[in-house]
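Those letters in the sequence shown? Residues 0 to 264, by numbering that gives the first Met the number 0.
It should be emphasised that the hints constitute simulated quantities derived from the structure, not laboratory data. Remember, it's a predicted structure, so these values are computed and weren't measured experimentally. Cβ atoms here follow ideal geometry from the backbone N, Cα and C, with glycine treated the same way. Be aware that a few hints might be false.
As the list claims (entries may be wrong) - List of simulated lysine-lysine pairs, DSS-like, C-alpha gap at most 25 Å:
#1 Lys-167 with Lys-73
#2 Lys-202 with Lys-73
#3 Lys-202 with Lys-182
#4 Lys-254 with Lys-198
#5 Lys-182 with Lys-256
#6 Lys-198 with Lys-139
#7 Lys-139 with Lys-202
#8 Lys-254 with Lys-202
Claimed, not checked - Across the chosen pairs, the derived CB separations fall in these ranges:
#9 Arg-133 with Trp-246: 42 to 50 Å
#10 Met-203 with Arg-250: 16 to 24 Å
#11 Gly-56 with Trp-246: 35 to 43 Å
#12 Asn-210 with Gln-108: 30 to 38 Å
#13 Pro-70 with Ala-253: 20 to 28 Å
#14 Ala-253 with Ile-206: 19 to 27 Å
#15 Asn-245 with Arg-43: 25 to 33 Å
#16 Ser-20 with His-257: 43 to 51 Å
#17 Asn-210 with Arg-133: 44 to 52 Å
#18 Lys-202 with Ala-243: 33 to 41 Å
#19 Lys-73 with Gly-34: 26 to 34 Å
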Amino acid sequence: MTQQTAAAGSRERVFLTGASSGIGEALARHYAARGAVLGLVARRAEKLDDLVRSLPGEGHMALSADVADLPAMKLAAEAFVARHGLPDIVIANAGISVGVLTEHAEDFQVFEAVMRTNVLGMFATFHPFVVPMRERGQGKLVGIASVAGVRGLPGGSAYSASKAAAVKYLEALRVEMRASGVKVVTIAPGYIRTPLTAKNPYKMPFIIDANDAAQRFARAIDRNASYTVIPWRMGVVARILAIAPNWLFDRVFAKAKHKPRNLPT
Numbered sequence: 000m001t002q003q004t005a006a007a008g009s010r011e012r013v014f015l016t017g018a019s020s021g022i023g024e025a026l027a028r029h030y031a032a033r034g035a036v037l038g039l040v041a042r043r044a045e046k047l048d049d050l051v052r053s054l055p056g057e058g059h060m061a062l063s064a065d066v067a068d069l070p071a072m073k074l075a076a077e078a079f080v081a082r083h084g085l086p087d088i089v090i091a092n093a094g095i096s097v098g099v100l101t102e103h104a105e106d107f108q109v110f111e112a113v114m115r116t117n118v119l120g121m122f123a124t125f126h127p128f129v130v131p132m133r134e135r136g137q138g139k140l141v142g143i144a145s146v147a148g149v150r151g152l153p154g155g156s157a158y159s160a161s162k163a164a165a166v167k168y169l170e171a172l173r174v175e176m177r178a179s180g181v182k183v184v185t186i187a188p189g190y191i192r193t194p195l196t197a198k199n200p201y202k203m204p205f206i207i208d209a210n211d212a213a214q215r216f217a218r219a220i221d222r223n224a225s226y227t228v229i230p231w232r233m234g235v236v237a238r239i240l241a242i243a244p245n246w247l248f249d250r251v252f253a254k255a256k257h258k259p260r261n262l263p264t
């Protein structure tokens, strides 16, 4: 992939996955409002097209692809670079949140889909940009993890495992890129009001709206936060959970309501 002169001029260039709804859509609207030109990736082409038409500014690209499909992600990246040049910010936001239970054989495929999207999809999102960003000596690779990765939550084993893996992957990538000038930012949200969390049958402390979350995410990205939990009060809860002894954690969460089982969409 060769970097070309950006058609967007001095506009900030943002490449974003999982852009068709929820946090991704809110991030797209936030960055478009501040003048960025966007490459928006999701599987649902029609929703992406509708989103692009609704955004302020020109030049935004709807790039339909499955983030777990590495060749498709390379093509999407190449299309964006050919038109606008190398992005300043790449945000790996796409994710699946769904309950699984190990006793159900059919949940194996669901577990696999969660891991492919939430972990391998992050790799596939960043891969096309790592070498050219390193050669340029600047850029930001942003991974959206979750506080669900701090401890394994009952019924949410696939999601917790995927987000714990994402945090460690991003940590390793951050160290690998340290001398290059490329920043790696890990954002671990708590509960955000989106279609995904709307299905949760339990209380969600400190939940915030997606638009509020997008603004907070962008501020964390602007300051090159290596790891941050949003909202901060959920960060306090995460730290307590991380150090809680197993006997206490097990007793508290053994009777907790489970994330609903369902096939990812």
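### Task
Mind listing which of the numbered hints don't hold for this structure, in increasing order?
Violated hints: 2, 3, 5, 6, 7, 11, 13, 15, 16, 17, 18; rest satisfied.
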